[in-house]
Amino acid sequence: MTTARDEGFPPDDGGLTHAMMIAALNEILAECGYDPVPGEAEPAAAGGEVDRLIEDARHRADGIVAAALETAVQYTDAALEQAARTVLSARHTPGCLPAGPLEPATLPAPGAAGRSVGDSWYAATTAAGVYLPMAGEVAARTLGAYADCLARAAAADPPDLDAAYRVGAEAVALGISRTEALPATMTLLLDHLGHGDTVSRPARQVASAFAAGFAAALQARTLAQQESLHRATQRAAREFQSALQHSEARYHRLAYYDPVTGLANKARLVQRLRQSANGDDPARHVGLCLVDLGGLAAVGEQFGADAGDHVLAEVARRLQRVARHPDYLLARCGAHAFVLLVQDSGGLAHLAELAERLTRELAEPASLPGTGLTAALHAAVGVVDVPTSGLDVTRVLVDAEIALRQARAGTSGWAVYDPRPAGPRRAGSATGVSGLVTGPPSYQPVVRLGTGRVAGLHTRMAWRHPHLGVLDLRRIGQLTGDRDTTTRLAGSLLDQACRQAMAWDGGRTGPFVGLDLPVHQIGYPDVVDLVRDALTGSGLPPERLHLHLSGLDAVPAGEHSQTVLTALAALGVRLELDDFGSGGGSLAYLRELPLHGLRTPASRVQSPACGVDTDRELLAGLTRVAHALGLTLTVHGVDDDDAQARLAGTGVDGAQGLRFGPPGTPHQVGALLRVPALVALADRRVAS
Amino acid sequence: MTDHSGVSFLGMGNADADYSSRPSSARIYDALLGGSHNFSADREAAKRLLAMLPAAGEMARANRAFLHRAVQFMLDAGVRQFLDIGSGIPTVGNVHEIAQSRVPDARVVYVDIDPVAVAHAGEILRDNRHATAVQADMRFPEAILGHPGVRRLLDPDRPIGLLLVAMLHFVPDDDAYPAVERLVASLPPGSYVAISHGVSETAADAATDGVADLYRRTDVSTATGRSRAQIMRFFGDAVLEPPGLVWVHEWPSGGDGAPGDMAVVAGVARKP
Ligand SMILES: C[S@@+](CC[C@H](N)C(=O)[O-])C[C@H]1O[C@@H](n2cnc3c(N)ncnc32)[C@H](O)[C@@H]1O
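In the order they appear, the protein sequences are chains A and B. Counting from 1, position 241 in the first sequence corresponds to residue 241 in the numbering used here; the numbering is continuous, with no gaps. Counting from 1, position 25 in the second sequence corresponds to residue 713 in the numbering used here; the numbering is continuous, with no gaps.
Chain A with its partners taken away, still in its complex shape:
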């Protein structure tokens, strides 16, 4: 026994240790391709022989390791590390210590009469709130074995403090991981190691070494767990970020392309126009042809949405024939409208020629599949040509629309926007809006999908203009640029909505009322005053007023929008971002705005090409992202069964659309609020 001493393992139970040593060495030898050391020698009978073998094997192992280090290429780090671990564990486990929880079969019989020390120890730890993941009997026997090991350590001369220390560590590994268990354990062990009232010095030393091992292991365990928790937290945060980017990428693909025609959509068009506006050549012009198909609505109504889609695809193909040029961008930017953007316009003559060709392409009616019928397209084209410097995107689109109206009024099928003021056709655009007729507000239910109940109402108000047709608040603001009118009309819309909500239910939990507020067109701080006045005037609890932001308001325009939105949020109203996903920017900015929810039109998350499952998956992903940001997600424009089917199982919080109830009068809504079960039923049917 001369070799083992200096390695510090217990001298009095060499048998087990030797066997383990041999096993460990054989493992190393085998890994390195050497013959194993014979291990069948009986240590009790031939201790010297075994020692010699080990000594010899050691030498060989050392040689091997040295050789391995020299020719490091031959041995992987992993193999060496494992070899090292095997040797270490063979050296460090006290022979008396069980390698793990002791199963009943392998156990010595319990102590003679009464409760064994293992039983008492187990009872004490349980009382201290320790949970050991094994049957009570197994735990008690394992603890009994620890106690015996400590007794042996105390009996050894000198006392084997190393072993005692390791038993302490082992107890923590078993699961005794609370300091609360230490007092009872120490009392119990001192009783066990002592004789009556006297506890010998070696026994106290062994108990202390046990405590030290226990404390060290507990600390190591705590630190390790904290560290792994922090790692897990970081990883979760990273995964969240990448999930965010992933759905962002997918969402943007949908956000920039129209699934029906495969053309760019309005968001992409706007993005391109903005890029042009930021171009560095002030002499450059952009041109825009807005193509509207007057005949398409009728096709949809008579032959269904599929026939409508078919015609749209056909129109897209014809337009592409004209638009095949790297400088042109063809976009679908409305239910039956397309835009041809010419990024480097050669002036009005150039655009007029294009408009002519577009009109000619669309003169032929389109065939309706499976019917042998054709449908007239009734196309009209509005043309605008503007310098890129100082280009106002919204303005350009509005101008194109005005030109389109002129085209409809004329005979050639197309018209150019005339920038000169005056002229009877443009009466309303540059001056204030006189002659606006206010229509009655409508209220459309927003249903909470989990319960099928009506959570709130989305209110809209429309104004009829003698020349420009029916306009909403935002359009009025865009067309007139007249802040006072917009503010006045917004104020009356807010007042009316708040009072109506109070009329339905005066409590905190009544339905919310949501409305689209053109925050930037009203401006700060006026918009905050308007909202505050409407709330105080009506007494509506602020959280029942939901303000929908879209367009410019939804773009993170830096500090100013922060200020406005924060001031609004401070009133206690809830801010929801509409048209979620249209336009650029990253979703991450959502975190910086004081938002409560997101809204997205059903059409944006619907692509017939990919099918219901893909859409659903996308929606589910978006919902997870929204939820992770602490936001609700509401889908609006859910008008048919198809759109509704796409919501099932996605976790989307709220839905709005014909499928959940058309816009109604205050009276109709009042009745609806009294029979929530109907809506609930409709929802259940699809969810199942």
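By construction, these hints were calculated from the structure, which means they are not laboratory data. It is possible that part of the hints are untrue.
[Said to hold, decoys possible] In silico lysine to any residue, SDA-like type, Cα no more than 25 Å apart, as pairs:
(1) K735/B <-> H230/A
(2) K735/B <-> R178/A
(3) K959/B <-> A946/B
(4) K735/B <-> E227/A
(5) K959/B <-> D793/B
(6) K266/A <-> R284/A
(7) K959/B <-> L841/B
(8) K735/B <-> A215/A
(9) K735/B <-> A124/A
(10) K735/B <-> S603/A
(11) K735/B <-> Q226/A
(12) K735/B <-> G129/A
(13) K735/B <-> T126/A
(14) K266/A <-> V393/A
(15) K266/A <-> S603/A
(16) K735/B <-> L182/A
(17) K266/A <-> H325/A
(18) K735/B <-> P133/A
(19) K735/B <-> P183/A
(20) K735/B <-> R221/A
(21) K735/B <-> T179/A
(22) K735/B <-> L223/A
(23) K735/B <-> H325/A
(24) K735/B <-> A184/A
(25) K735/B <-> A128/A
(26) K735/B <-> A220/A
(27) K735/B <-> S228/A
Quick caveat, the model's predicted, so the values are computed rather than measured.
Fit chain B with the ligand to the given chain A structure using the hints.
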């Protein structure tokens, strides 16, 4: 019509990148079990929970022990694959440790809504070919059943042990019943379902409001007890193994039926 405001749309709050500032039920539970996989916000919440419900720690341990016995029971019955939903932070005595110590290639899929718990489990299971952790919300069972990890590991033609241990009381009725029904329906015959659940109608009832309030501030929805009859409904057509739905510490050996301080009942049922 208490549901109108739209304010309560979500049971889940801001799980944004800073996970440590808000307690999570998985980490509170770890703290109750004496683990150190928790932040100070979690320990604070655990302390308040113990003040309201002094037996909470004991219940957590009894629950964990039930999980252990239920897995052993299912292994005895020949089950070799487990779907542990609401598995929490891997702590002492995890299902894969119990199962794989007896059957090395036993399959285990952990599912939890808590991203940190799942990331942590993923770390531990990195080298385990037969076990994985999936982040999902049990309210959307299709997402669980269709998850690649679940499909890779669990053979839908051989019995599965479905574990819903101490988690259903976090899920509101509207979602919980249809979801469990769907999950149980997906199991092949001979599968088992283990449920433990906080029960109303007990000593702990008095503390219910406070406890609900506490959990409302965590990242998952409120914990609410259900009556035994309501809990029984979760088993559907599966047949309860003896001794039936009993106090969590009395399964399966039975006992005197005295709740002690327990407010949790448990049962295991076999799908015919
Ligand atoms: C008290 S722990 C139970 C842990 C483990 N099942 C046990 O009994 O030892 C409850 C776990 O359920 C999870 N949980 C809560 N709601 C969930 C949901 N809707 N889907 C998945 N997991 C959920 C929590 O994140 C938490 O980890």
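Hint numbers the structure violates, sorted upward? Of the numbered hints, 3, 10 and 23 do not hold.
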